[in-house]
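Asker: Residue numbers (my numbering), protein chains in the order written: chain A, 3 to 368; chain B, 812 to 906.
Source of the hints: derived by calculation from the structure; they are not laboratory data. Heads up, none of these hints are tricks.
What follows is a list of derived Cβ distance ranges for each label pair: (1) A:T363 to B:R825: 48 to 58 Å; (2) A:E217 to B:R825: 19 to 29 Å; (3) B:R825 to A:D226: 21 to 31 Å.
Covered by chain B, per the in silico footprint, the following chain A stretches (three or more residues, Cβ under 8 Å): (4) 109 to 115; (5) 217 to 224.
Restricting the straight-line Cα-Cα distance to at most 27 Å, the calculated cross-link-like pairs of lysine-lysine (DSSO-like) are: (6) A:K308 to A:K238; (7) B:K901 to A:K238; (8) A:K235 to A:K303; (9) A:K220 to B:K901; (10) A:K235 to A:K308; (11) A:K238 to A:K303; (12) B:K901 to A:K206; (13) A:K235 to A:K206; (14) A:K206 to A:K220.
Quick caveat: nothing in here was measured; it's all calculated off a predicted structure. Ideal Cβ placement from N, Cα and C applies to all residues, glycine included.
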Amino acid sequence: MTVHPPPVALLCELTHRCPLRCAYCSNPLALEGASDELSTGEWMNLLDQAADLGVLQVHFSGGEPTVRQDLAELVAHAAGRGLYTNLITSGVLLGAPQIMALAEAGLEHVQLGLPDCEEEGSTFITGFKGGFARKMTTAQAVRDAGLALTVNAVITRHNAARLPRMIEMAVDLGARRLEVANVQYYGWGLKNRAALMPSPDQLKAMTPIVQEARERLKGVLVIDYVIPDYYAKRPKSCMGGWGQQFVNVTPSGTVLPCHAAETIPHLSFDSLRERTLRDIWEHGMAFAAYRGDHWMPSTCKSCDRKEIDWGGCRCQALALAGDAAAIDPTCVESPYHATIRALAEAEAEAGSDAITYRSFTLPRTA
Amino acid sequence: MTGRVLIADDSVPRLAPHVRLRYDEARSRWAVLAPERMLLPDDIAVEVLQRLDGQRTLAAIIDLLAQEFQAERAEVRGDVIDLLQDLSDKGFVTA
Ligand code: SF4
Ligand code: SF4
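For reference, chain B alone in the conformation it holds in the complex:
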């Protein structure tokens, strides 16, 4: 049994095995497909999820987003951690 994953700055978050982020052509939107569940991520979540490459640390992802969207780093950090911790607790993301 493995314990709960806590998303921290040095975590390397990625989509859990068997979770797929895919563009849904028929409905022109993004979808996260997981075992018997589907999630419709909002635009911000899509931006975050697309940057989970299994290499970057959370800190690096936050830097990247803060820079690209010219946003306050602390604010980005809070939002990204909230999002990824929630997705991790629901089994969509691992680290």
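Same shape as in the complex, but just chain A:
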């Protein structure tokens, strides 16, 4: 087999620690503790390996990456290796001096999570009081430091009606890019799906709002729109294809093809503490398992979209169809497609508000 081209992007989950407890958090239910986290030196070593391998972009994420005291040091190291750096943050722990320090370290871009355009909804979904005001201050400080800002508006049944105000808020905050991101159901988000899922009517209302705003704000704000794929006809291109472009490293150094990959029990994952990034990327069992089309069901193999969406998401295929090698059930070609949509509609209709907030100790029902 020929050696596979290197990944374009590396996502470093620097830590799973986070003061927020978001209902939609895509981190795994079994969070990794602080004592297992890679050291500063180990992260730097990974960044060197990534640059040597051909990675172009690094996303510092978590958990809340700003919990790590060495964040600016890691940003500087990545920038020094010519890597394009992005910080994915809730913004609640960042003061203006820290943001300035990150900018000076060479950070290019901040992606700020916006759970709602008002305090009450924000507190409800994140389980954290006072976060909303801090996010607003952080956005301002990001702009003042001259960094590029993307607002990531996370859409659920609870805030869908406030989408127009969230769009205006992104403009007012000085963002150049907005992600209108319907929740993707992984980790805690999957667990809380019934409490988050929007209704088909809400979805129908969202699309024209986004289209109108895109037109009106052309050249001012770029809007990327992620629909809830349970209501889609075709699956999303998960990670640009398994093992094609993207690599994810957990706080303790486990290397994953996507952040949810550990939910697939028959895969085995390698650690940076034992193998090099290149070795894992090129020869790791988990990467080889669903890379390309060798594993695909015949419907996908013969489909002209197979190199567009790569058969969709393996984790979702496992979670919803019971087989990680099945067609992603969000595809109309899947025998489960109608069931999945009906499930989403029923959950939205039932309208439960019961949330299991993210925590390090698994709730007993898990």
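Position chain B with the ligands against the provided structure of chain A, taking the given hints into account.
Answerer: Only chain B with the ligands this time, still in chain A's reference frame:
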């Protein structure tokens, strides 16, 4: 809030802050890196982007390209404006 930038002859187009044009050694091609997006410019776009130095006006850039590639100025002008307006609307270029 700032309005939409319209690329005109006296504009001084440049890459937006935090947008980088870099040669990607591993894949032997040029890449434009931007917040969570990447663009693979074609050869002509690379030639144009390399000439955005934050000093030259659009008119000067067009002159330069027309001369170097011995092409019809009006044609070059149309292509360059289309390209840069599109990149500006997508947030890659500012003026
Ligand atoms: S989604 Fe919420 S809880 Fe999860 S890491 Fe982000 S801010 Fe923290
Ligand atoms: S059949 Fe497979 S490849 Fe085709 S659209 Fe559906 S999931 Fe994608």
